[in-house]
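Engineer: Guided by the hints, dock chain B onto chain A, whose structure is given.
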Amino acid sequence: MLTALVVGGRVSASIAAELGTMRVTEQIDAMETIAIDPVEYLVLPRVTAATVMLPVLTIFSDLLAILGAMVVAKISLSVSFNTFASGLKLLFHYQDLIGGLMKTFVFGFIIAFMGCYNGFVTEGGAEGVGIATMKAVVSSCLLILISNYVLATLIFRIIFAPA
Amino acid sequence: MDHEIIIRFSRVTKSFEEELVLDELDLEIFRGETLVVMGRSGCGKSVLLKHMLGLLRPDSGEIYFRGEDITKFNRKKLFQMRMHFGMLFQSAALFDSMSVGENVALPLRKHTNLSEEEIEHIVEEKLRLVGLVDVMDKYPSELSGGMKKRVGLARAVVMNPEVVLYDEPTTGLDPIMADVINELINRLKAELEITSVVVTHDIKSAYRVADRMAMLHGGKIIYSATPEEVKRTDNAIVRQFVEGSAVGPIEAI
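Those sequence lines, one after another, are chains A and B.
According to the numbering used here, the first sequence is numbered sequentially starting from 1.
According to the numbering used here, the second sequence is numbered sequentially starting from 1001.
Bound conformation, chain A alone (with noise of 0.2 Å):
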């Protein structure tokens, strides 16, 4: 979840900043014109992008986040890396796992798709895309707070439930 919000406020913002200044430098209005999809053309790939990369973007956040600890359990802890990584396969749960990275696919979605809607409805030039950009931020994080919440109920009472 802290890989999302910091990719969710990475990504929708630079998504809504790009497509609220083509949506006021009437690019949007031309692509209809020269009857393009814009949504086909310019959503779904940024949301299918989206959703298939960040938990792959998690995978490797987590592994990073692992060696970190190891690197300072042994520093400032003095807990070897044998200690470590026994007391990581104690602890580990593949339904961790799992349920955390089926999380990301539905944040990846929220990001692209909060930049992509805020920016296509940007209106009122530069000033207008300054709005959109902080309501894709601000929208995206929030939805991605209230989803875990959500997500992680479902996941694991439901789905996962401890017998």
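Honestly, the hints are just simulated from the structure, not real lab data.
Since this is a predicted model, take the numbers as computed values, not measurements.
Built from N, CA and C at the ideal position, the CB exists for glycine as well.
It cannot be assumed that every hint is accurate.
Unchecked claim - These stretches of chain B come out as covered by chain A in the derived footprint (C-beta under 8 Å, 3 or more residues):
1. 1049-1057
2. 1075-1088
3. 1092-1098
4. 1104-1118
To be verified - Pair ranges (Cβ atoms, derived):
5. A:Gly-130 - B:His-1003: 49 to 55 Å
6. A:Asn-148 - B:Asp-1134: 53 to 59 Å
7. A:Phe-105 - B:Ile-1176: 52 to 58 Å
Structural biologist: Coordinates of chain B only, in the frame set by chain A:
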């Protein structure tokens, strides 16, 4: 010019929130003519153009293109219809993530099965038409305002449309570049036999390109005539507009 009607507006009304922009507007556009729609800034000229393309839908009334009511079209039919149109936007609206060549080629890549060589050939031909060949690999941010408009024009005519819409083609250009654009509008009309609709408040440009001039005021077309007739008109509103006077029936502020 024959008198076949290609586009017809019938009692078209459109308002944004509380503001009435088009008020039961009637307008006929004939095949092959250049119609200039004049009007003050913000009077709804661009809104009128966007209705022709189906980018905006009227609150009431019908818009006919070749006899078919486009307000009843679904998205797919609208897209098919738009293939017959080209539009030059006020800000040129080039896609700034693509080079000039890619901008002009995009409609061809998307809607035809032509080979890359054929596409390149057409793109070059259209860019030559607007007097720009050596900018093919440049990006829109590297071009001047006049060059952008000319590239926009090349993109607008790349599919050989029947109708080209111009949204303030000369606004923001120096007088010489403005006249280059006027020349181009006339040349495209002669060479490609297209119907042109130009919205502008540049009277000099209007006289240079128009077969017929229409005045949009208060949400309606209040006057339409040939440029010669416009010069002799006794319609007080049109007189005030073409003479650019702050005093008259149009309240300036």
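Engineer: Sort out which numbered hints this structure fails and list those numbers smallest first.
Structural biologist: Violated hints: none at all, because every hint is consistent with the structure.
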